[in-house]
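If you're matching them up, the sequences are chains A and B in order.
Numbering of the first sequence is given in our numbering, commencing with residue 154 and proceeding in unit increments.
Numbering of the second sequence is given in our numbering, commencing with residue 6 and proceeding in unit increments.
A couple of the hints might just be wrong.
[Claimed, not checked] If you want a taste of the chain B side facing chain A, the calculated C-beta under 7 Å gives, among others:
id: 1; residue: A18
id: 2; residue: T19
id: 3; residue: V22
id: 4; residue: T23
id: 5; residue: T25
id: 6; residue: T27
id: 7; residue: L31
id: 8; residue: L33
id: 9; residue: T35
[Claimed, not checked] For the chain B half of the interface with chain A, some residues (derived, Cβ under 10 Å), not all of them:
id: 10; residue: W13
id: 11; residue: A20
id: 12; residue: L34
id: 13; residue: A44
id: 14; residue: S48
id: 15; residue: R187
id: 16; residue: I327
id: 17; residue: R330
id: 18; residue: G332
id: 19; residue: Q343
id: 20; residue: G346
id: 21; residue: A347
id: 22; residue: V348
id: 23; residue: S351
Hints are computed from structural coordinates only; laboratory data are not their basis.
Because the structure is a prediction, the values reported are computed rather than measured.
Just so it is clear, CB atoms sit at the ideal spot from N, CA and C, and this is done for glycine as well.
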Amino acid sequence: MPAWAVGPLVLILCALIGIFIGSASYTAYYGEGASYLSNDPRSCVNCHIMREQYDSWQKASHHAFAVCNDCHSPDDFLGKWLTKAENGFRHSKGFTLQDFHEPIMIRPKNFEILNRSCLKCHDALTNEIRHTSELGFMNCVRCHRNVGHGATK
Amino acid sequence: MPTSKYRWALYVATAVVTATLTFLVLALLTNIFERKEEAKQQSFKLTDLDENTVDPAEWGKNFPRQYDSYRRTVDVKRTRHGGSEAFQKLDEEPVWRELFKGYAFGVDYREERGHAYMLSDQDMTERVKKFSQPGACLHCHASVIPAYKDAGRKSGIPDGETQAQIMKGFSLVCAMPYAEARKLVSHPVACIDCHDSKTMKLRVTRPGFLNGIRDLANSDEELSHLPSITRWREEGKRGEYDVNKVASRQEMRSFVCGQCHVEYYFRGPEKYLTYPWKNGIGAEKIENYYDKAGFKDWLHAVSGAPLLKAQHPEFEMWSKGIHARSGVSCADCHMPYQREGAVKISNHHVRSPLLNIAQSCQTCHRYPEDEIRARAESIQDRTKSLKIRAELAVLGLIQAIKKVKTAGIAEDQLAAARDFHRKAQWRLDFVAAENSMGFHAPGEALRILAEAIDFARQGELEAEKLMKK
Chain A
154 MPAWAVGPLV
164 LILCALIGIF
174 IGSASYTAYY
184 GEGASYLSND
194 PRSCVNCHIM
204 REQYDSWQKA
214 SHHAFAVCND
224 CHSPDDFLGK
234 WLTKAENGFR
244 HSKGFTLQDF
254 HEPIMIRPKN
264 FEILNRSCLK
274 CHDALTNEIR
284 HTSELGFMNC
294 VRCHRNVGHG
304 ATK
Chain B
6 MPTSKYRWAL
16 YVATAVVTAT
26 LTFLVLALLT
36 NIFERKEEAK
46 QQSFKLTDLD
56 ENTVDPAEWG
66 KNFPRQYDSY
76 RRTVDVKRTR
86 HGGSEAFQKL
96 DEEPVWRELF
106 KGYAFGVDYR
116 EERGHAYMLS
126 DQDMTERVKK
136 FSQPGACLHC
146 HASVIPAYKD
156 AGRKSGIPDG
166 ETQAQIMKGF
176 SLVCAMPYAE
186 ARKLVSHPVA
196 CIDCHDSKTM
206 KLRVTRPGFL
216 NGIRDLANSD
226 EELSHLPSIT
236 RWREEGKRGE
246 YDVNKVASRQ
256 EMRSFVCGQC
266 HVEYYFRGPE
276 KYLTYPWKNG
286 IGAEKIENYY
296 DKAGFKDWLH
306 AVSGAPLLKA
316 QHPEFEMWSK
326 GIHARSGVSC
336 ADCHMPYQRE
346 GAVKISNHHV
356 RSPLLNIAQS
366 CQTCHRYPED
376 EIRARAESIQ
386 DRTKSLKIRA
396 ELAVLGLIQA
406 IKKVKTAGIA
416 EDQLAAARDF
426 HRKAQWRLDF
436 VAAENSMGFH
446 APGEALRILA
456 EAIDFARQGE
466 LEAEKLMKK
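Based on the sequences and whatever the hints tell you, model everything.
Below is the structure:
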């Protein structure tokens with residue numbers, strides 16, 4: 154390569170990479186990417202799929218005490234962000250490619266996280282009565298179904 | 006530093022990778038943009054609709070998604086206990102040929118197909134071809150309101166009073182011979198029958214239902230599943246119960262279906278289509294209404310009993326079931342919400358929920374499809390087995406009465422046995438003609454069938470008594 158071409162080429166490459174970074178950040182901004190880092194339940198209905206879950210949460214007894222993340226992700230730093238990242242990726246992929254089962258249903262892994270989250274507040278209260286279900290953990294919502302999400306209609 | 010040759014390759018590779026990533030990011034951006042736009046704008050007004058636009062294709066220009074699914078009601082699909090295939094029930098269950106002896110249903114009793122066929126099915130049935138039927142039938146087999154309005158206008162009701170025109174036209178068309186009235190209509194049930202042409206709001210248009218639901222509101226039937234009626238009663242029944250003004254949107258999602266999926270009869274020589282709800286909507290209360298009115302559909306050709314034919318009391322049966330109690334409307338299961346992109350629409354392909362379990366049932370019941378189907382079918386199988394017993398019991402009663410008649414015993418002594426026949430067959434038919442094989446109200450359906458069996462056997466005992474005399 155002639156020496157005089159290196160400078161302009163690097164410039165062009167930098168510009169290209171800049172265009173990529175620019176479009177990527179605008180896409181993230183337009184897709185309200187930052188909201189997914191928050192704890193705000195409204196960000197879970199950005200993409201319209203979980204409208205019913207959001208509405209029914211507002212009708213449930215726990216809506217004054219717990220937001221989505223309180224029940225659906227663990228409390229420890231790593232666990233919380235890994236859960237958010239994995240589910241966030243699956244949801245984005247599903248909604249972009251439109252290839253998921255409807256109505257959406259909780260996966261076993263997330264179901265376990267959900268049930269363990271009950272103990273964040275109800276640990277002492279349930280200490281004497283806890284037992285492990287056939288799933289290998291305490292299945293609280295089997296009976297207490299409506300505490301997180303009330304009527305769906 | 007790499008050599009000059011490799012540096013070239015590195016530059017080119019970086020450019021290609023960056024370009025690909027930019028391409029994907031922009032594709033994602035467009036996708037997000039499209040979804041957001043979908044969520045904003047759900048319909049484009051391409052054509053003006055008014056209260057005379059009957060043709061669903063016109064409405065489909067503005068609402069293509071709903072229209073697409075509406076058109077799917079032509080699909081024919083058999084389910085375990087029903088579905089939309091026009092099989093001849095008299096061949097599948099020959100006992101009904103005996104039970105309907107002397108009546109049009111004993112000649113032709115085909116399963117109804119989907120909404121798209123309601124008018125052509127009626128044109129084709131032997132019950133209309135071989136028997137004389139009134140124009141009243143079109144109330145629920147055609148998009149009929151503009152025809153009522155025209156008839157009302159021609160009879161002299163001025164143009165400002167649309168509702169009066171409709172009600173008057175209704176009574177005139179009911180009384181016409183079927184063939185004559187048939188010329189006034191051209192479409193099966195259409196958008197305009199359930200939707201306001203300007204606002205798309207749900208509304209009921211059928212005069213039979215408007216009269217019926219008013220009677221029902223005035224009855225003493227327990228109706229906690231219909232909050233607007235409950236409130237109207239609690240507030241002292243002020244004025245008339247006007248369903249289009251006070252019913253909630255969720256109630257309307259059942260009322261629009263209840264316009265036709267009900268028990269009815271043609272009152273008097275003017276064949277005025279009437280929903281027999283003055284006493285309530287339970288099977289006994291409707292029976293009580295018919296008894297007081299001295300009404301019968303026909304005299305059974307063998308037993309001579311004055312019998313009632315149950316039509317398709319889905320609205321009545323649903324009212325007695327757990328889903329109604331829980332605030333679940335007809336449309337929630339038969340026209341479930343579905344998502345297309347970011348748009349949520351209700352599926353206008355009205356059909357059995359068992360053909361669409363994911364959207365119909367799993368929205369509330371988070372169990373695997375197989376489990377849900379098994380639960381529904383176990384309810385239906387139980388109903389069916391008791392229904393078969395009830396059919397045999399009523400048949401037994403008919404044969405017992407026949408024996409009495411051939412023995413030459415005076416007909417006037419048969420009144421008690423015939424009365425039991427009327428009671429038993431009404432109950433049996435109430436469940437058999439209802440389109441859910443008991444699912445709409447499992448306990449109620451079994452209770453009614455149990456009574457049918459009991460009445461049939463009591464009637465048989467009456468007949469036996471006469472033989473021993």
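Evaluated hints:
no.	hint	in the structure
1	A18	11 Å, violated
2	T19	6 Å, holds
3	V22	9 Å, violated
4	T23	5 Å, holds
5	T25	9 Å, violated
6	T27	4 Å, holds
7	L31	6 Å, holds
8	L33	6 Å, holds
9	T35	9 Å, violated
10	W13	6 Å, holds
11	A20	6 Å, holds
12	L34	4 Å, holds
13	A44	6 Å, holds
14	S48	17 Å, violated
15	R187	40 Å, violated
16	I327	14 Å, violated
17	R330	13 Å, violated
18	G332	6 Å, holds
19	Q343	8 Å, holds
20	G346	7 Å, holds
21	A347	5 Å, holds
22	V348	8 Å, holds
23	S351	12 Å, violated
Hints 1, 3, 5, 9, 14, 15, 16, 17, 23 from the list above are not met by this structure, while the remaining hints are.
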